[in-house]
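Colleague: Assemble the complex: chain A is given as a structure, and chain B must be docked to it using the hints.
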Amino acid sequence: MTVSVTELTVTAEDRRVAWLATAAVGLSLVDAAIPSPLPGVKPGLANIVTLVVLTRYGWATAVWVSGLRVLAGSLLLGYFLAPGFFLSLTGTTLSLATLGLARHLPARWFGPVSLSILAAFAHIGGQLLLARAWLIPHNGVFMLTPVFAAAALVFGTINGLIAAKLLAETPAAAPAK
Amino acid sequence: MHWAALLRPGDWLVMAGGAALVWISLPLLWQGGFAERAIIRQNGQVFAEADLRTRHDFDVPGPLGTTHIAIEPGRARVVADPGPRQYCVRQGWLARPGEIAICAPNRVSVQIAGRTKAYDSLSY
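As given, the protein sequences belong to chains A and B, one line each in that order. Under the numbering used here, think of the first position of the first sequence as 1, with each following residue one higher. Under the numbering used here, think of the first position of the second sequence as 1, with each following residue one higher.
Pulled out of the complex, with its shape left as it was, chain A reads as follows (with noise of 0.2 Å):
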């Protein structure tokens, strides 16, 4: 057998990675089934897995973990580079980067709870501000910002409380899979 010039070698973190964002299309693909009554107001199931990795293995991880679910979601529900997979793109990517910051806010008083809440509302903030610039450019699009904030407080806190269960039951050594 010829062997290939290129040689891959899969590492233990890319392993992780893999069954991380395997687990996060799965909690999108529920996320997707459930009846929304209106669009963009979803529970968000995926960001439990992006605040239990960013616990335990760090904002690069969380930040790979994130995309792929994003990339292989979109795949999978048939919305790739349509208007749907930007607004989940940006939502994500402003989520991400206000992960980044928030996950040096102290441990001690601020738990995954806070961290859920604040991705929420950076979530939303990036979509709303994508489609006033871009899909709906009209500031009607704002009058429904204070039922997209009501959702991301409920849905960010309720992700939250999920994520800090989670990170309580399971021992820190074992990979939270």
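Errors might be hidden in some of the hints.
Pair by pair, the computed Cβ-Cβ distance ranges are [claimed, not checked]:
id: 1; chain 1: B; residue 1: Leu13; chain 2: A; residue 2: Val5; range: 34 to 44 Å
id: 2; chain 1: B; residue 1: Thr54; chain 2: A; residue 2: Leu75; range: 50 to 60 Å
id: 3; chain 1: A; residue 1: Leu75; chain 2: B; residue 2: Ala80; range: 50 to 60 Å
id: 4; chain 1: A; residue 1: Arg132; chain 2: B; residue 2: Trp30; range: 15 to 25 Å
id: 5; chain 1: A; residue 1: Gly140; chain 2: B; residue 2: Ala5; range: 40 to 50 Å
id: 6; chain 1: B; residue 1: Ala5; chain 2: A; residue 2: Ser36; range: 40 to 50 Å
id: 7; chain 1: A; residue 1: Leu135; chain 2: B; residue 2: Arg53; range: 35 to 45 Å
Since the hints were derived computationally from the structure, they do not count as laboratory data. Please read all numbers here as calculations on a predicted model, not as lab measurements. The beta-carbon is built from N, C-alpha and C at its ideal position, and this holds for glycine as well.
Modeller: Relative to the frame of chain A, chain B by itself:
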């Protein structure tokens, strides 16, 4: 494990901050202003301007017959119209500023106006 035990002091602070943000953004829901008046037009000319605080009924004559418009506190609608397709009647109650029901065949329209106008003019 109790859920509240998962919350750290700062988490409550962030939750309060989030709630404050929602509260601050609430007025955006009413950014078009409140519905204050109904403007009834016949053939492009203002036929009547009704205050949306009291009950009124208007019979607006047009080329096909009479369009009957009802005003109630905070809302207005076309009750009956001689037009063939009844689009303006089926629109039901109008309650938000900028909303408009147009009975094109009879050349009658009723529009809700707030303090601020969403646009300067509308032609059809």
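Colleague: Look at each hint and say if it fits the structure.
Modeller: Here's how the hints hold up against the structure:
no.: 1; hint: B:Leu13 with A:Val5: 34 to 44 Å; in the structure: violated, 56 Å
no.: 2; hint: B:Thr54 with A:Leu75: 50 to 60 Å; in the structure: holds, 58 Å
no.: 3; hint: A:Leu75 with B:Ala80: 50 to 60 Å; in the structure: holds, 53 Å
no.: 4; hint: A:Arg132 with B:Trp30: 15 to 25 Å; in the structure: holds, 19 Å
no.: 5; hint: A:Gly140 with B:Ala5: 40 to 50 Å; in the structure: holds, 43 Å
no.: 6; hint: B:Ala5 with A:Ser36: 40 to 50 Å; in the structure: violated, 31 Å
no.: 7; hint: A:Leu135 with B:Arg53: 35 to 45 Å; in the structure: holds, 38 Å
Checked against the numbered hints given earlier, the structure breaks hints 1 and 6 and satisfies all the rest.
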